[in-house]
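**Student:** Sequence:
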Amino acid sequence: MYLPATDEPIQPIEVDEALKSFKPNKSGGPSGIAPGLLKMLPVTWVTFFAHLFTGMFFGGSYPEIWRFTKLVTLFKKGA
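Just so you know, we're using this note's numbering here: the sequence shown kicks off at 1 and counts up by one.
One or more of the hints may lead you astray.
Claimed, not checked - Here are the computed distance ranges between Cβ atoms for each label pair:
| hint | residue 1 | residue 2 | range |
| --- | --- | --- | --- |
| 1 | M40 | I65 | 35 to 45 Å |
| 2 | L41 | T69 | 33 to 43 Å |
| 3 | P24 | T69 | 37 to 47 Å |
| 4 | L41 | Y62 | 11 to 21 Å |
| 5 | T54 | K77 | 37 to 47 Å |
Claimed, not checked - Straight-line alpha carbon distances no greater than 30 Å define the calculated BS3-like cross-link-like pairs of lysine-lysine that follow:
| hint | residue 1 | residue 2 |
| --- | --- | --- |
| 6 | K20 | K76 |
| 7 | K70 | K23 |
| 8 | K26 | K70 |
| 9 | K23 | K39 |
| 10 | K26 | K76 |
| 11 | K20 | K39 |
| 12 | K76 | K23 |
| 13 | K39 | K70 |
| 14 | K26 | K39 |
| 15 | K26 | K77 |
| 16 | K23 | K77 |
| 17 | K20 | K70 |
Hint data in this document are derived by calculation from the structure and do not stem from the laboratory.
Source: prediction; values computed, not measured.
Glycine included, every Cβ here is placed at the ideal spot set by N, Cα and C.
Turn these sequences into a full structure, and let the hints steer you where they fit.
**Tutor:** This is the structure:
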């Protein structure tokens, strides 16, 4: 997917659309917050996250833990 560079702030509608695309029955990340719960956030929280992400984008700083991931491989028969 092509995403053009932008200097525009991240809009709450963009955060809301991203949250709605989550599959609710998937496991959460290191925070343990389930995607289904994130999909139910009220507008005030979605707006807060939009401002937070915009600040991180323009400020160039983000939580240290976001630099790491946990990958679990599962064998699937026939794959």
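**Student:** Each hint should be assessed against the structure and marked as holding or not.
**Tutor:** Here's how the hints hold up against the structure:
1. For M40 and I65, the Cβ-Cβ distance of about 24 Å falls outside the hinted range of 35 to 45 Å, so the restraint is violated.
2. The hinted window of 33 to 43 Å between L41 and T69 is violated, with their beta carbons roughly 23 Å apart.
3. Between P24 and T69 the beta carbons are some 21 Å apart, a value that contradicts the proposed interval 37 to 47 Å.
4. Judged by the Cβ atoms, the range 11 to 21 Å given for L41 and Y62 holds: they are separated by roughly 20 Å.
5. The hinted range of 37 to 47 Å is satisfied by T54 and K77, whose Cβ atoms lie roughly 45 Å apart.
6. Distance hint between K20 and K76 is fulfilled; the C-alpha atoms sit about 28 Å from each other, no more than 30 Å.
7. Taking the CA atoms of K70 and K23, the gap is about 19 Å. The hint holds against a cut of 30 Å.
8. Proposed proximity of K26 and K70 is supported: the alpha carbons are some 15 Å apart, at most 30 Å.
9. Only pairs whose Cα atoms come within 30 Å are accepted, and K23 paired with K39 is accepted, the gap being roughly 9 Å.
10. For a cut-off of 30 Å, the pair hint linking K26 to K76 stands: about 18 Å separates their Cα positions.
11. At roughly 6 Å between alpha-carbon atoms, K20 and K39 fall within 30 Å of each other, so this suggested pair holds.
12. Taking the CA atoms of K76 and K23, the gap is near 21 Å; set against the 30 Å cutoff, the hint holds.
13. Restraint check for K39 and K70: the C-alpha separation of about 22 Å stays at or below 30 Å, so the hint holds.
14. With a C-alpha separation of about 12 Å, the suggested pairing of K26 with K39 holds against the 30 Å cut-off.
15. With a CA separation close to 21 Å, the supplied pair K26 and K77 stays within the 30 Å bound.
16. At most 30 Å may separate the alpha-carbon atoms for a hinted pair to count; K23 and K77 meet this at roughly 24 Å.
17. Distance restraint check for K20 and K70: the Cα-Cα separation of roughly 23 Å lies within the 30 Å cut-off, and the hinted pair is therefore satisfied.
Violated hints for the displayed structure, listed by number in ascending order: 1, 2 and 3.
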